[in-house]
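Here the protein sequences line up with chains A and B, keeping their order.
Quick note: the first sequence, position 60, residue 60 per this note's numbering, numbers continuous.
Quick note: the second sequence, position 27, residue 27 per this note's numbering, numbers continuous.
Please note that the accuracy of each hint is not assured.
[What the hints assert, rightly or not] A few chain B positions that, by computed beta-carbon distances, are all more than 10 Å from chain A:
no., residue
1, Arg6
2, Asp12
3, Thr15
4, Pro16
5, Gly68
6, Gly75
7, Arg108
8, Gly109
9, Ala112
10, Val117
[As the list claims (entries may be wrong)] Restraint ranges, calculated between C-beta atoms of paired labels, are given here:
no., chain 1, residue 1, chain 2, residue 2, range
11, A, Arg40, B, Asp13, 25 to 35 Å
12, B, Ala10, A, Val58, 24 to 34 Å
13, A, Leu113, B, Ser36, 22 to 32 Å
14, A, Asp211, B, Arg73, 29 to 39 Å
15, A, Ala130, B, Ala10, 43 to 53 Å
16, A, Val19, B, Ala82, 49 to 59 Å
[Claimed, not checked] Quick look at which bits of chain A chain B covers, simulated, 3 or more residues with Cβ under 8 Å:
no., stretch
17, 61-73
18, 95-103
19, 201-213
Derived from the structure by calculation, the hints contain no laboratory data.
Ideal Cβ placement from N, Cα and C applies to all residues, glycine included.
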Amino acid sequence: MSGLVISLPLGLLLAALVVGLALRASARPPVPAADHPLVRTAARRAGAARAAGTALGVVAAVLLASTGTLGRGPLLAPAALGLGVLAGVLVGEAVVRPRTTGRRSATLTTRRLRDVVPRPTAVLVITTTAFLLTLLAVTTAVASPDDLGRPGRSLTGSCTSTTTFGVGPWPGSYYSGPLAAAVLVGLLAAVLVLRRVAARPAVGGTPELDDADHQLRGRAGAAVTAAVGVLVSASLAGVLVFASMAASSHDCPSGPWQVFTAVLLVALPVSVAVLGWCGAVLLVPGGSARRPRVPA
Amino acid sequence: MSDALRVVVADDDPTPPFEQVRAQIAGLITAGLLPSGARLPPLRQLAADLGLAVGTVGRAYRELESVGLVVSRRGGGTRVAAPAAPAAPSRTGARLEALASRLVADARGLGADDDEVVEAVRAALTRRPGEVDPAHPCRAEEARSRPSAADRSRGLALGSVPGAGARAGHVVPPGTSGREHDDEGPDQVVGAFVVRSG
Chain A
1 MSGLVISLPL GLLLAALVVG LALRASARPP VPAADHPLVR TAARRAGAAR
51 AAGTALGVVA AVLLASTGTL GRGPLLAPAA LGLGVLAGVL VGEAVVRPRT
101 TGRRSATLTT RRLRDVVPRP TAVLVITTTA FLLTLLAVTT AVASPDDLGR
151 PGRSLTGSCT STTTFGVGPW PGSYYSGPLA AAVLVGLLAA VLVLRRVAAR
201 PAVGGTPELD DADHQLRGRA GAAVTAAVGV LVSASLAGVL VFASMAASSH
251 DCPSGPWQVF TAVLLVALPV SVAVLGWCGA VLLVPGGSAR RPRVPA
Chain B
1 MSDALRVVVA DDDPTPPFEQ VRAQIAGLIT AGLLPSGARL PPLRQLAADL
51 GLAVGTVGRA YRELESVGLV VSRRGGGTRV AAPAAPAAPS RTGARLEALA
101 SRLVADARGL GADDDEVVEA VRAALTRRPG EVDPAHPCRA EEARSRPSAA
151 DRSRGLALGS VPGAGARAGH VVPPGTSGRE HDDEGPDQVV GAFVVRSG
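Okay, chain B solo, but in the shape it has when bound (with noise of 0.2 Å):
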C-alpha cells in the first residue's frame, strides 16, 4: 500500500465524517488500489490522524464490512477482503427460465408468433393467481379441470412468480436495467427479453 493513500476529512462537507470515510475507503477498494488482504489502519490509528473519535471510525469499518468489502478479525485487524466469486445464477432465477423456454416452444408448437407469445404473458401477469380469463373463461374453466403443458411441467403460472405484481408488465431490451425508467419491481427474466413489472 503507498503512503500516497489517504483519507480526507472536511468539516465544510456536509456528508457525515463516517460516510466520509467509508465512501473513499470503499472507493479505494472497488478501483482496487487497496488490494485483497491489504490491511487497513488501526482504528485508534486512524481516528487519531483525522482527529475523530474511535467510534466513528469504527462505525466506517463495520459498514464497510458489513457489504462485504473488508473483514475483520479479533487480533488479525481489519483487512480488504478477497473478491467475491461472480454469483451463480439464483435457482429461482434458472427455473424461470426453463419455464419461459418450455412457454415459448409450447406456444410455437401451436402456431402463436413471438408477440402473441409476449401478449399472453402479459395478460397473465395482470391476473391473480385463480383469477378467471374474461376473454377466454371456458379456457380458464378447461384449465383449472386440465393443466395445460406449462403447467404440467412444474405445476407453476408466470402469473404466481414471485415478484411479478399485478400491474401490467413492460419489456425492455436484454442488457438494459429499465432502471431509469422505473424503480419498482424486480426483473424477471423470460426468454430473450427482460421483462418489467409496473
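One chain only, chain A, in its complex shape (with noise of 0.2 Å):
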C-alpha cells in the first residue's frame, strides 16, 4: 500500500508537468517588441533573477529536508522551494529601473495587483489552499501524542467499543504548526511580491512598450502564482501521504475512518496533477497581465 502511495503520485506528478509544460510552451506568446533594448534587458534580467531564485530555492529545500526533526525538514522544504522562487521574482522587479530624464509617459489607470495574477492558476491555488488549511484543521483536531508524549504526531482512535488503534507519524499539531505558518508566509510573502509587481515603473516610458510592460508583468505574475501553487500542493501532497499511510494502516474493518481514508486516497493525485501544473507554469510564466477597465 505504502508503496503504491508514493510511486502512482510521483508517476502522475510526472505526466503532469509533461503535459503541463508541453501545453505552456506551445501557447506562450512571445514578448512584443522583444527586440527593443529595454524590453529585451528587462526580459533578461528578470528572467535570470527568477532561475537564480529558483535555483536557490531548490538548494535550501534540499538543505532542509535534509535536516529537521521526525519528518519536519521534508514537509517544510516546499516552503523554502516557494520562498526562494518569490525572492528571484522579487529582485528581477526591483532591477527594472524607470527612465528619469529626456521625454517618458505613463498611462493614467491604475495597475491593480489582481490584473497581473493568471486567473485560472489562482484560483487553483486558492481552493488548494484552502483545502489544505482545513485538513491541516482536522488532522490537528483529531491527533493525539505519540508513545512519548509529543503532542500531536499520532492518531489514535477506536473501532468498536472494545478495540482502539493508536497509528503515526499523524500530521497533527506536530507538523501542521510549522507547516501552516510557512504556507502563511508564503501567502503574506507572495501578495508583496504581487504588489511590486504591479507598482514597478513601466519598462520604456513609451506607449509602444505598452504590451511588453504588460507581457513582462504577466510572466511575473504568473510565477509568483506558480511558487505559491507548488508550495501549497507540495505541502498537501505530503501531509496526504502521511496522512493516508497512517489512516490506513489500522485494523478497523469499517466506519468512518475508511471514508476518511478514501478521501485522502482521492485527494492524493489531484494535488500531484495542481503540483505537475504548477511546477509547468513556474518553468515556463506565459500570459499577459491584464488591462485593466475603465473604473467605477
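Put the two chains together into one complex; each comes in its own frame, and the hints tell you how they fit.
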C-alpha cells in the first residue's frame, strides 16, 4: 500500500509536468517588441533573477529536507522552494529602473494586483490552499500525543467499544503548526511581491512598449502564483501521503476512518496534478497582465 | 479610462514637472476624458512610471484637489470629483440687482432718461461715502437729512458698493467680460449693463 501511495503520485507528477510544459510552451505568446533594448534587458534580468531564485529555493529545500526532526524538514522543504522563487521574482522586478531623463509618459490607468495574476491558476491555488488548511485543521483536531508524549504526532481512535488503535506519524499539531505558519508566510510574501510587480515602473515609459510591459508583468505574476501553487500543493501532497498511510494502517474493518482514508487517497493524485501544473507554469510563465477596465 | 490616456513629462520643457502633470490631468478632466469618479493612479505608480519623486506627483495632486478637480480619500485613492453645481448668484449680487432695478424705476418716475441714470451712477461712484456732491450741495445736504427712495429701500448707496472703487467706471455690453480692457476691479451688474470700475 505504502509503495503505491508513493510511486503512483510520482508517476502522475511527472505526467502532469510534461503535459503542462507542452501546453505552456505551445501557447506561450512571444514578448512584443522583444528586440527593443529596454525590453530585452528587462526580460533577461527578470528571467535570470527568477532562475537564480528557483535554484536557491531548490538548494534550500534539499538542505531543509535533510535536516529537521521526525520528518519536519521534508514537510517544510516546499515552502523553502516557494520562498526562493518569490525572492527571485522580487529581485527581477526591483531591477527595472524608471527613465528619469528625456521625454517619458505614463498611463493614467491604475494597475491592480489582480491584473497581474493569472486567474485560472490563481483559482486553483486558492482552492488547494483552502483544502490544505481545512485538512490541517481536521488532522490537528483528531491527533494525539505519540508514545513518547510528543503532542500531535499520532492518531488514536476506537474501532468498536472494545478495540482501539494508535498509528503514526500523523500530521497533527507537531507538523501542522510549522506547516501552516510556512504557508501563511508564503502567502504573505506572494502578496507583497505581486504588489511590487504591479507597482514597479513601466518598462520604457512609452506607449509603444506598453504591450511588452504587460507581458513581462504577466510572466512575473504567473511565476509568483505558480510558486505559491508549488508550495501549497507539494505540502498538501506530503500531508496526504502521511495521513493516508497512517489512516490505512490500522485494523478497523469499516466505519468513518475508511471513508476518511478514501477521501485522502482521492485527493492525493489531484494535489499531485496541481503540483505538476504549477511546476509547468513556474518553468514556463506565459500570459500577459490584464489591462484595467474603466474604473467605476 | 482608456489606456491611451497618458501624462507626458519632458525635461526640455521649462515648466516644472509637477505643473506639467497638473496641467495635463486638469485638461483631461475639464475635457471630460477623465469622467467623474475615475480613479487616478496611485502617487507611487505615476511617480515611478514618470521617473519623478513621489512628492512631485503629490504636489500636482494636491493642487488639483485645491481647485476641486479631484478628491483624495485615505485608503480610497484619488478620484475625479463630481462636477460642481452651477454657482448660485451671490447674495450681494442679488441685492445689488434689486437696488439697481429700484433705482432705475425711481429715476424713470422722476422723468430721467437712461443716459441721465448712468451718468448719476457714474457720479455716485466717484464720490466717497458721505462726500458732498459739488454740483448739488443742497441736494447732498437734503439727502443727509432725508434719505432718497433708493436709500430708503436698504439704506445703501451705490457709491458704497464693495469693490466699486473710487475711480470712474466704464460700461461694457452685457455678455462681455471687459477683461481685455482692464484687469483691475470686479464687475458690478447694474440693470442691463455691466459697470466696470477703473
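Worksheet item: What hint numbers does the structure not satisfy?
Response: 1, 2, 12, 17
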